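*Asks:* Chains as they are written, first to last, in the numbering used here: chain H, 724 to 1225; chain L, 724 to 1225; chain P, 724 to 1225; chain F, 724 to 1225.
These are calculated hints, taken from the structure and not from any lab test.
Because the structure is a prediction, the values reported are computed rather than measured.
Any given hint could turn out to be false.
One side only, chain H facing chain P, incomplete, derived with CB under 10 Å [what the hints assert, rightly or not]:
#1 Glu-791
#2 His-797
#3 Tyr-866
#4 Gly-1185
#5 Pro-1211
No residue lacks a Cβ here, since even glycine has one placed at the ideal position from N, Cα and C.
Number of protein chains: 4
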Amino acid sequence: MISVPADPTGRFSEAWRQCVGTGRVELALRRDYQDSLSLLQREIGFRLIRGHGLLSDGMGVYRPYEHEGAHRVHHSFTYVDQVLDAYLETGIRPFLELGFMPAALASGEQTVFWWRGNVTPPRSPREWADLVRATLIHLIDRYGLDEVRTWPVEVWNEPNLRDFWQDADETAYHRLYEITAHTVKEVDAGLQVGGPAISPGADDWLDRFAEFTERRDVPVDFVSKHAYTSGPAQHVPFGVHQALAPASDLLDQFATPRERLKSTALARLPLHITEFNSSYRPDNPIHDTAFHAAYLAPVLAHGGDLVDSFSYWTFSDMFEEAGVPTALFHGGFGLLTHRQVKKPTYHLYAFMARMGPDLLARGDDHLVTRHADGRIAVLAWAPVDPTGQTPGPGRHALRMSLPVAAREVFVRRSTVDENHGNAYTTWRHMGSPRSPRLEQLDILHEAAEPARSHRRLTVQEGRAGLDLTLARHEITLVELTPVADETPPWWDEQRLLGRSAP
Amino acid sequence: MISVPADPTGRFSEAWRQCVGTGRVELALRRDYQDSLSLLQREIGFRLIRGHGLLSDGMGVYRPYEHEGAHRVHHSFTYVDQVLDAYLETGIRPFLELGFMPAALASGEQTVFWWRGNVTPPRSPREWADLVRATLIHLIDRYGLDEVRTWPVEVWNEPNLRDFWQDADETAYHRLYEITAHTVKEVDAGLQVGGPAISPGADDWLDRFAEFTERRDVPVDFVSKHAYTSGPAQHVPFGVHQALAPASDLLDQFATPRERLKSTALARLPLHITEFNSSYRPDNPIHDTAFHAAYLAPVLAHGGDLVDSFSYWTFSDMFEEAGVPTALFHGGFGLLTHRQVKKPTYHLYAFMARMGPDLLARGDDHLVTRHADGRIAVLAWAPVDPTGQTPGPGRHALRMSLPVAAREVFVRRSTVDENHGNAYTTWRHMGSPRSPRLEQLDILHEAAEPARSHRRLTVQEGRAGLDLTLARHEITLVELTPVADETPPWWDEQRLLGRSAP
Amino acid sequence: MISVPADPTGRFSEAWRQCVGTGRVELALRRDYQDSLSLLQREIGFRLIRGHGLLSDGMGVYRPYEHEGAHRVHHSFTYVDQVLDAYLETGIRPFLELGFMPAALASGEQTVFWWRGNVTPPRSPREWADLVRATLIHLIDRYGLDEVRTWPVEVWNEPNLRDFWQDADETAYHRLYEITAHTVKEVDAGLQVGGPAISPGADDWLDRFAEFTERRDVPVDFVSKHAYTSGPAQHVPFGVHQALAPASDLLDQFATPRERLKSTALARLPLHITEFNSSYRPDNPIHDTAFHAAYLAPVLAHGGDLVDSFSYWTFSDMFEEAGVPTALFHGGFGLLTHRQVKKPTYHLYAFMARMGPDLLARGDDHLVTRHADGRIAVLAWAPVDPTGQTPGPGRHALRMSLPVAAREVFVRRSTVDENHGNAYTTWRHMGSPRSPRLEQLDILHEAAEPARSHRRLTVQEGRAGLDLTLARHEITLVELTPVADETPPWWDEQRLLGRSAP
Amino acid sequence: MISVPADPTGRFSEAWRQCVGTGRVELALRRDYQDSLSLLQREIGFRLIRGHGLLSDGMGVYRPYEHEGAHRVHHSFTYVDQVLDAYLETGIRPFLELGFMPAALASGEQTVFWWRGNVTPPRSPREWADLVRATLIHLIDRYGLDEVRTWPVEVWNEPNLRDFWQDADETAYHRLYEITAHTVKEVDAGLQVGGPAISPGADDWLDRFAEFTERRDVPVDFVSKHAYTSGPAQHVPFGVHQALAPASDLLDQFATPRERLKSTALARLPLHITEFNSSYRPDNPIHDTAFHAAYLAPVLAHGGDLVDSFSYWTFSDMFEEAGVPTALFHGGFGLLTHRQVKKPTYHLYAFMARMGPDLLARGDDHLVTRHADGRIAVLAWAPVDPTGQTPGPGRHALRMSLPVAAREVFVRRSTVDENHGNAYTTWRHMGSPRSPRLEQLDILHEAAEPARSHRRLTVQEGRAGLDLTLARHEITLVELTPVADETPPWWDEQRLLGRSAP
């Protein structure tokens, strides 16, 4: 029996909703992407969005030309503006990741991903600085300085990996960071710049990043890194299977930078996990499952104690790093599939968005919060086995005693498990249609909604007792609202036909 | 075990969707009404809509004035056009009921309803004819003759009741019918005119209507009457309780006119039940319940064998005959409450709208149809006790063997009972809030959706076996679609984390 | 030549947009009304809306009933909530006018208007107070105290007229005000209550209202009155013609209360003109004309110097005090006709909504303001002859020198006159169709848009010269925006085909 | 004086709206594209849409993989379905152009355009046939055979040009056509297949295409070619200038195939101009001008006499063959810019969409049609000088006598010229902002609307006289509707204030 105290133990952090990841920003031009983002913002509401490729060729920004015999560069923002207008229209702001390299400015030809982002250093640092400068000046001109100061600027992505930065050349990254950070600050000292956006397992880069920036007096406003927990990949066509480390491993990855940097000049800076997920593969079917929501629930419940933001990679399956998806469910990162079918992990975020600001209790399988109006929101989740050795427990019970200042509460429970709020299961029943017809999509949308139940509960001595039994891989949201009964005195429910006999 | 034949026994009649009732047509100017109608038409799709008061003062049609010393009448269609434009915009057409009497054209002051419809004969039959003629000419001018010929014209409402027609004066009604029918036909012989729109228990009026119209050679294109099954009213403030006759009594009421008129000139005319419901009271809470859906299910399944249309009275709780409703759930006729909360009977109609054109089987508790693409739609319902003596059975089981030309079927079940698809029950849990807040309305909308489940069923020897257990007052829709399995050969579901152990 | 100074002379008051009038609040349930209000709020943006009949029978608030032998009253807010939800959804708040009397609470049978608002005192002052109290408590419960404190509460409407208050009984009004004001303050001392909402020509009521409330220590938070300028009515069927006093007479009517009350306890209170217009008749065609916009332009430009708000009566032709309108253009008060056709006076308000906060210059025919970003907005209007003796001047010229901190300005001019932005003129050309068909409505919507022209103007020595010639009854908006020319150096417009020859 | 006869000379062909061009079909995933297409279909309504790249890598259709040691190909339609669903949603159908070559199926590496469409023959004709077959079978499965039979299938694009087909190898094209056409017909004999989609100046390919297909008995259901009139390009950065041949040259290009093929087996087949425009360059500013609309007007008026369809290349500036556009107006082909600003040529099409089915008169500067309801629609245009030698005439006058069966007509004139309906001119006044801010876009949308004027004209002896004076590069639409005057007898317009003095 969990006895939840009536007095809050503190404010519940909103770090979980500070940022969300996206496929390359060019994809933001697409309608499916925008439809998904609108839905996401209406029902969850993230503050920032971060993706690759802002400066890649598909965005058409860096445009060399020749005129009267001279070589010049035009910086063009046709698509950048369409993307950012769309973001702001849905109430989300960009976490600006500067990269990758425009082909015409690149020093080499190495690319990453199906869509071929160039990952080589600029052939001209001056022209890179011009590009950064022109971009920021344009953004300030169009969106206003106050607005753009709220958009963090991150320099490159995972430079510690050879796939993302030629030769994983740390010195070259430091040079890129230095020129970029100075350029940002020259445009406006109030803009926030940071890095090094490293992938997991490379925290030693943080030490040297701290040392380098301090020694050279390079501006740093925040520190960023990524976190993933997947093991070795076993490939099948258009897909992959991987075991996972326990979810606590993600929290460990969140925690290390502060410890590591505590005696450096970066010690007190905001720390952003600018990407996290279980598997780093966009074709691992685990992303589509209820298991995944239950696996990540404790990370969302506890992560805000460790970092200033942790950004789920990514909000939508409109994502092409490994090519165009070949089926509706294909193991994409998305909280939403193409066509806006919600996955269980979407609901985890939607449930989080209904938590209140006061933290009442928290544990391995639950989170209890309260809203200003007295409403209590409980998130509970079943334990999972990430090793694949067992299917995990088939049932998981919790009992809680909740403090309520009323005689009765209305209880709304929202359930996601293997058979509820789970379009993937229904899609399998349908025969795994790769490209579902419109009438099948209607059914998938319907199947993707959580099961809901509603009842009334009596409060005794200021306490409501809540007995929850969770099914395998279930996440559940329970909301308790005090009842003000308006039933008129003359009402006799038993007089309704079909109620109990006279 | 119901063994459903593979060959259809005939076409399933769409008489159930030919027409639906509405509160007085002036209410069609309201947004809540139009929002409800749009939803209704999107999800169900009726062909015609019928309500009172087209010519009543609130519509502002009959407008006497004085000019240069002469008394004249202007016929004004400002609101008529707004209403009809709104109807056509949602794909529904008017079943024109001519009435009630404009106060300035009335011979007396008797009114009916809170909104005071004048129910006295015209003081000038000539001016009444002018009004009818001007109205129809205007409609043809605005909407086209081909269109208006599809709009039946019914003369008055329930003239056999003193509340609706002064003194229930049958001779006066015949006079009104005669002048009106001739006027309609003068405008265009292709317009359809009919009556006498009588209330239950007055079928003798039909005999005399047939005799009168034949004798005087008065045009009649259809015959209309109403059907209700409620017993004596027990009043509470803002409400009433009544026992009901069995649902079969409605079917009996549908059946009598054809029998009665079989040797008259009206024998082969279309027969329209222009109003039907259980209780004729707009404040009987039975209308809000799952009981009501289960009670009416056999009427919708069988009624089309007896009549050309039977029109549910009414689609929305936006209805003011007994005054402005005092609570969201107040026993109104509506399939939808104010604010578009769906009642169980709404779902009965929505389920009917998913039936196919081929009738495979039908019984006391089920209806089985098939679509052209092979999809089978089954509607099943639990028996109810309309007397109030018992609550009705708590469980009801059906077993069916269904003919399927595939090896597997995808099964989608939609359930409405006391605890699912039942916003009334949730509203009671909430404390019966008379005027729910927006966040409460969100929950009621959610609670009003049927429970859905999805699974896959194996077919053996061309037969799928369906075992259904219905809860108290349940109506259930089961849809079976052949599965074309696209699962790729390399897929092994067991390799997903959280599936069975290795 | 008007030489506009570069430094503002002050802030330009937004009193003109503090409030707008509406037909009885029950009409807010209608879709046409809500469509008009949405448009209005999107393009103009008023803060408050005031109309009659909040407590009249059509709203269904006061509901007596009998239970167990006792007479009781239920206060029901079904429609009140629908109306207020709709208001808040469009960003407007209610200016609550308490009235008229529910029939069941009235002491007499006298009614006003086609829709029959009861204008007699309550038969029970205690029950009236209960009604007021229950209403305010409900509103606070639903919308929150902070919100409701921003909704002024006005007691009754034009009690000085026999049509609106039985016998224009001043003592009875004072009694009503006293009990109402005390009840309001008992609910919450922060609510704002005021009156006496008198019609023009009765300012002596203000003296006695001040005297009475001071003597009896009755709370008053604001003072309200109405202003109209029309002369005697000449009737035609469904219409009326009237000469008008000059527009300055409206400003005089605004000005008198402060002068009159300056030595009373009410001296420093906010002063609200809770209704104003030219004619007080809802069937005077002058409301539909360009004349009317030009007539009222100086009132909007200057009125904010005199009062805290002045509320145009009314925003929409959805209005039934004289019955249901018989034609699209019928002389209604509305800024918008049914079906959202904009009248010239709508554009006057839309032009006002584009004025800036800094007042640069103002005169008999112009108003010049500046926005924070340097954009200058000029409103100019032609003089009119309100006597009907002459058609007014056919042309009116203005020359201005405007201060601009740029080398060039982009000039956008929006024109409304007899032939532009004037759907009434087009409707006349069409043959005055009373109930236009949908394709005619499309053309009327198109004709209702102002003519727009755009050009570029060179600035010399910090000054742009603006020569305006206004047509008869023209109002014109001129907006000047500094140009940042991005034409690339290689561009030669003359090389376009169809430009001047080589 | 053009005396227009009362009796039609024939039906006016709708060939002009049979088809419209688009940038590569992958762009159809974008929101801006879909917003433009929705607008286009709402206001104009084309039947078919044709673009490149259906099978190119960006669509992700051809997906080789390895499984259990074998090389296989998966055909994936994730994006194809998203595109076609979007098309059908707006009421337009695809004109399927089969191309370009998936990189993994290509025999070489040559690409065309910034977006790199591979233009080499398939390395395996069998796999190409598999790809075509799988695509058509999938489309039939998803959209139905009846639907897909209305979608013409064209084999490749401009194979006569080395840029579009490696070496412009005619024999290789014939082989590709042969295998493709047979594959199409194997899927269903009712599908329509055709080619050779040649560019201008290569009509000799038609002779050999006829000869080859007849000799080898290869199915051909239609013949297609392209038409353009631009001369040599003079380059500026991100743009080009070109003189044009007269518009009649386009009509000549339309006319030649029928003549050429008249004695071949292809003689009676439908002839589709699957692309036409003035300049074939997506960066020629002429596309943005009023000149362009006036230049093309006679082509739209007369083209339907010569061919079955002629498809404007292209409907939107969302087009990337020469890279991402660097400014809102950049000389793109689009009828609409990004962000849905209408160009003059858009209005030419919108005016065409208001022509009636009966052709009354047609000439060098006018087209006169009548609708079934008697409404007359006149399109008139000013002559232009396409050589660039002169700006063309500054004024152009037409006088017409029109047959009208009424005493008066309502006249609506819609004008597009250098200063009206011309956002390009306004954009130049604004300073040519490359990426206009939202408030600038509002003004451009407003400036893009045609000027409208409305008046009433008296008819004498069944004739209305229309005097039109066109400005430079004007196109004008005049619509005449018989007036039914409903002005009431008592109405005296002169009594309105502001009309003439008494």
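*Asks:* Hint by hint, note whether the structure agrees.
*Replies:* Taking the hints in turn, this is what the structure says about them:
1. Glu-791: holds (8 Å)
2. His-797: With a closest approach of 8 Å, the H:His-797 hint holds.
3. Tyr-866: Not OK, violated: H:Tyr-866 not within 10 Å of chain P, min 14 Å.
4. Gly-1185: violated (23 Å)
5. Pro-1211: holds (8 Å)
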